[in-house]
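Colleague: Letter by letter, the chains look like this.
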Amino acid sequence: MTERFTIFVVDDDESVRRALGNLLESVGFEVQLFGSTEQFRGVELPNNPSCLILDVRFPGANGLDFQQSLHQAGIHIPIIFITAHGDVPMASRALRAGAIEFLMKPFQKGELLAAIEQALERDRVRRSQHEELSILQVRFAELTSREREVLGLVVSGLTNKEIGNRLGISEVTTKMHRGQVMRKMNAFSLAELVRMSDKLSSANSR
Amino acid sequence: MSPPSPSTGSLATATPAPGSETDSRAGLHLPRFGALWAKAIDYGTAALLVILALLASLGIQHLFDFPYPFLFLFFGAVMVSAWIGGMGAGLFAVLLSTLSVDYFFVPPFYSWQISTTAETYFVAFVLCALVASWISSAKKRSEQALQEARDQLEIKVSERTAALMQTQADLARLSRALSMGELTASIAHEISQPLTAVVTNGDACIQWLSANPPNLEKARQSTEKIVQDGTRAGAVVARIRALFKKEEPVKDWVNVNETIEELVEFLRHEASSRQISIRTQLIPTLPLVNVDRVQLQQVVLNLVMNAMDALDDAVGKKREIVIRSTTSGGNEILVSVEDCGPGLNPDTIDKIFDPFFTTKPQGIGVGLSISRSIIESHEGRLWSSPNPNGGAIFQFTLPIGRQELR
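Chains A and B, in that order, give the protein sequences. Start counting the first sequence at 222; every next residue gets the next number (this note's numbering). Start counting the second sequence at 70; every next residue gets the next number (this note's numbering).
What the hints contain is simulated information worked out from the structure, not anything from laboratory work. Values in this document were obtained by computation on a predicted structure and should not be read as measured data. Check before you lean on any hint, since a few could be wrong.
[What the hints assert, rightly or not] Computed Cβ-Cβ distance ranges for the label pairs, DEER-style:
{"hint": "1", "chain 1": "B", "residue 1": "306", "chain 2": "A", "residue 2": "251", "range": "31 to 41 Å"}
{"hint": "2", "chain 1": "B", "residue 1": "426", "chain 2": "A", "residue 2": "309", "range": "27 to 37 Å"}
{"hint": "3", "chain 1": "A", "residue 1": "314", "chain 2": "B", "residue 2": "384", "range": "14 to 24 Å"}
Think of the CB as a built atom: it goes at the ideal place given N, C-alpha and C, for glycine as much as any other residue.
So here's chain A without its partners, still in its complex pose:
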């Protein structure tokens, strides 16, 4: 494996936890084991694709609630749930909240590894999307407020003349602002600029 992958395992049962560590290590993953969700919250997540294998049931806490609290904290690590006694409502709640898989103990190695592969792939995509978005956000931050206004009107399909009229500036000045926007956003065409704007606005609305 050329890329580094980190698998986090959170299970209060020591023998299960260590067995998972053993298996994942044997297939070449980097593994970190935790006995409780609190311990896991204390750890800094790495910059490479990773995923979390989480037991549903904990003394005094619930894996599903923990999933929600991670989500609210803006931590989007993909989660694979494992449980010794799941039921359908539990599984459907977990999957609706974005879990990759809901595995019943004892599970097959193939099921687990397939789920991990899917989780890491999703994390990789999310990371690259996130990276692209943060670049766009940095570029957007460099625009002046006038340039942002022009960008908004350009992508809504208005001509330079219409924009000038709307903002009370000359067509030449509008053209100059528009050139600056294209340059700062590193966009080569109007279509690309529209796509960038869409991404930014969807990220903001989230």
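Position chain B against the provided structure of chain A, taking the given hints into account.
Modeller: Then chain B, alone, in the frame of chain A:
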């Protein structure tokens, strides 16, 4: 004449053998010989008693020289004969007494004749003897009928008791099965955990062996873990079986603290999934008690499951159950289960121990009544009271056995 009460007393203890012979004669079940033999004994006894009465009366007559013949001992012989042998033997004794009195005591003496002056006296004697015989045998008959009725009643009572015990045992089993049903998730969890570890370590072991070159050290470690986890799974199964499999009540000297700890260990997952903690405060010097361990566990299980259900109904309360054990009054142990739930409803508090009374939507209402009957069958008490910190306390006592007092 001998005082009647001691003689009847001693005879009463001697009666059962001939009495039962009388019964079988009525049923004609015994061989003819047995019946004849029993009759012979009855009549022989009557004859013997009359002879004894005669000898005693003659002795008294000669020693004390009464002005009238002393004949009361014959009545005694008649009554006793009628008591032992029934009407027939009684009449036989009357006949023998009449002859003896006629021959020895009625003038002219030592002859079978009766003088006219003694006639009235003699007739009075015969009538008295007949009445005595009749009263005695009638009394005997009613006594026997009473005894029979009493025996039958006893048989009925023991039959009913056995039926009730059976019903109670069935209900206890049912309630145990229901508790088991409620605990299925916990049991599945208990078994699945080590099993998962076994399967996962097995997969890892294969992986280490198929690496190039094979990592034998890691493979060995994996196999060791498989053995450990397999052993653990076996222990879990053994514990569950010990908890619930046995059905016949067997009393034994039981360490109540250990029994409670085992159960709490068993309920740990059930409690944690409901976000409830179970705390124990058990005094280490608790004496052993002579009880059925499974039944005791069932009682504590019922009380803890009730407490958990109570906490499920409570919002914003401390989600904790406390189980305490202590001694009380020097001759019993006291176990209490406390929760901080909504507490007992004053409207229904009197009914909670009634069979089939329940406040739970899915309950059938046998838990507490079974628990109480189990504790009472061990000569203990089970009752409830409000928890000063809110919620309810259920507690029971069990007597400390004599072996422990020694």
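Colleague: Each hint: holds or not?
Modeller: Here's how the hints hold up against the structure:
With their beta carbons about 36 Å apart, residue 306 of chain B and residue 251 of chain A fall inside the hinted range of 31 to 41 Å. Against the hinted window of 27 to 37 Å, the Cβ-Cβ separation of residue 426 of chain B and residue 309 of chain A comes to about 33 Å, which satisfies the hint. Between residue 314 of chain A and residue 384 of chain B the beta carbons are some 21 Å apart, a value that agrees with the proposed interval 14 to 24 Å.
The structure is consistent with each of the numbered hints, conforming to all of them.
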